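Going line by line, the protein sequences match chains L and R. Numbering follows the numbering used here, with no gaps: position 186 of the first sequence is 186. Numbers in the numbering used here are just positions in the second sequence, counted from 1, shifted up by 1000.
To be clear, the hints were calculated from the coordinates, so they are not data collected in a lab. Take the hints with a grain of salt, since some may be wrong.
Examples of chain L residues lying across from chain R (beta carbon under 8 Å, computed) [stated by the list, open to error]: (1) Arg-30; (2) Ala-35; (3) Leu-65; (4) Ser-96; (5) Ile-119; (6) Asp-123; (7) Pro-140; (8) Gly-142; (9) Ala-149; (10) Arg-154; (11) Ala-162; (12) Leu-167; (13) Leu-169; (14) Gly-173.
What you are looking at is a predicted structure, and each value in this text was computed from that prediction instead of being measured. Beta carbons are placed, not taken as given, at the ideal position from N, Cα and C, and that holds for glycine.
There are 2 protein chains.
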Amino acid sequence: MTDAPFAARLAAVAADVEALLERLLSDEVRTGEIARPRRLLAAMRHGALGGGKRLRPFLAVETALLLGRSGEGPLLAGTGVELLHCYSLVHDDLPSMDDDDLRRGRPTVHKAYDEATAILAGDALQTLAFEVMADPATDPDGAVRAELALGLARAAGLGGMAGGQMLDLAAEGRYGATTLDEDAIRTLQAMKTGAILAFAVEAGAIVGRADAGARAALLAFGRHLGAAFQIADDILDREATTEQLGKAAGKDAAAGKGTLVDALGMEGAKREAARLLDATLAALDRFGPAAETLREAARFTVSRSS
Amino acid sequence: MTDAPFAARLAAVAADVEALLERLLSDEVRTGEIARPRRLLAAMRHGALGGGKRLRPFLAVETALLLGRSGEGPLLAGTGVELLHCYSLVHDDLPSMDDDDLRRGRPTVHKAYDEATAILAGDALQTLAFEVMADPATDPDGAVRAELALGLARAAGLGGMAGGQMLDLAAEGRYGATTLDEDAIRTLQAMKTGAILAFAVEAGAIVGRADAGARAALLAFGRHLGAAFQIADDILDREATTEQLGKAAGKDAAAGKGTLVDALGMEGAKREAARLLDATLAALDRFGPAAETLREAARFTVSRSS
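Pulled out of the complex, with its shape left as it was, chain L reads as follows (with noise of 0.2 Å):
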């Protein structure tokens, strides 16, 4: 349960990217562009738009917001990581990777399109991620948008976001036979998802121009959020139904997919959950009731039901 006003501010934040995103995948040519083909746009709107909680952009806001900044430029910064976020969703829906047809309750882009189209509309939603870091628009500094392009890169890479991609499809068995111990289950997660969620919340410290101390502060927290996030997600796929999540349920444990709650024990990885949470809130102590925004979205990520 979260309670209504952070509910209704979750859901404003929502909104903005929304029409952010609808105004970057519009049909018109921007600057320094040839022509937009209307097949390989249709296909990055429907990567894109009408959809998520749009929870990485709520925490850049959020963080940005919390170091005194606001306005367009954390919200462009926050709807960079959600658009890389958004590719990463693409590609690992195509038939090639965990092979889904089904994301946020409609068929996946390759389903709706062709695979050779949704591999393109994914390349081009991460393209545009770092076209959005390093527009002026998004901080006049150009070392903040530098500074933003860089941290993306390498939370989205083979060191973080993609590796961790490659250790979930061996993790499968595909290249042969493996199992994860409960540290390279935790490496894995941590790359897969653990960091770019966290890079959310430094995007929102960098544009938010955070002292050495605050932006450690803000970088345990997205840290811990992120495996809290990710522990709270295996959960779900264990418990959740196919219609709450709005994509396959029970498929991370039908693939042999090494998750927490394997290696823990459904108890155990509740236990974990909760103890994820509390290092998550204590991360925040400095900024005392100023941060109760940033708290909630904690509670949030590990209370949500899809």
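Could you slot chain R onto chain L? The hints should help.
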């Protein structure tokens, strides 16, 4: 034919690029990364190392040199463009795209590994391209780094390279019958290959701090060069052997893709290549003898045999 000093200079920059890529794609975990999964790293190395003329970094390095800037900065900026190019080759070769088994005389990444790994390797090479652009080692000025990332994104995304690949797939008729007139073929080519080639020159202009006049001239040079490069490619696809190309010859023609050889005939295409070369060279007039290496690069681009 290219004269010996130019060929030696091209080879020297290619060797520098190779060494830099070797360093970027080593197994050492770098700042901000969690781990470098071996299989993904190996596939990225397969897609990026050991091949190619490295024409794009050469253009960036020589353009910066014309403006009085040398060293690792321009090499890094050019290598960022090359990484973006390498990602596009890995994805274009995929079974659902152009379905190629051979690239630079070796198995394509999905043949050497598998489709999922090739998609991820392309994804992570794109990410690395932006990481390199945004890295402080590439330029001490954050505004320059952000401009590099922004320009690369605009050249690579929906309104550039990815959009061009979408138009190219549609030109095969897979989404319904289609015939492209000469203008449509030029737009497709300007997006699919021209935008990134032109941006390689622009990246050199950005790190070289070109003034407005020099920048406009270099931009025109890059755009004409991109068009000349593509028409040379269309001619090669008809006239060269698979052995010369290191990839399947005659494939674009067989796929029914619109090329300027179709639109203009072989003789007309050769006349157009000569006209584009003249325009490319004319754009460099203001730089006098200092631009001789860029002129050689343009002549090489049009007369190359692979």
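Hints versus structure:
{"no.": "1", "hint": "Arg-30", "in the structure": "holds, 7 Å"}
{"no.": "2", "hint": "Ala-35", "in the structure": "holds, 6 Å"}
{"no.": "3", "hint": "Leu-65", "in the structure": "violated, 23 Å"}
{"no.": "4", "hint": "Ser-96", "in the structure": "holds, 4 Å"}
{"no.": "5", "hint": "Ile-119", "in the structure": "holds, 6 Å"}
{"no.": "6", "hint": "Asp-123", "in the structure": "holds, 5 Å"}
{"no.": "7", "hint": "Pro-140", "in the structure": "violated, 10 Å"}
{"no.": "8", "hint": "Gly-142", "in the structure": "holds, 3 Å"}
{"no.": "9", "hint": "Ala-149", "in the structure": "holds, 4 Å"}
{"no.": "10", "hint": "Arg-154", "in the structure": "holds, 3 Å"}
{"no.": "11", "hint": "Ala-162", "in the structure": "holds, 4 Å"}
{"no.": "12", "hint": "Leu-167", "in the structure": "holds, 5 Å"}
{"no.": "13", "hint": "Leu-169", "in the structure": "holds, 6 Å"}
{"no.": "14", "hint": "Gly-173", "in the structure": "violated, 13 Å"}
Violated hints, in rising order: 3, 7 and 14; the structure is consistent with all others.
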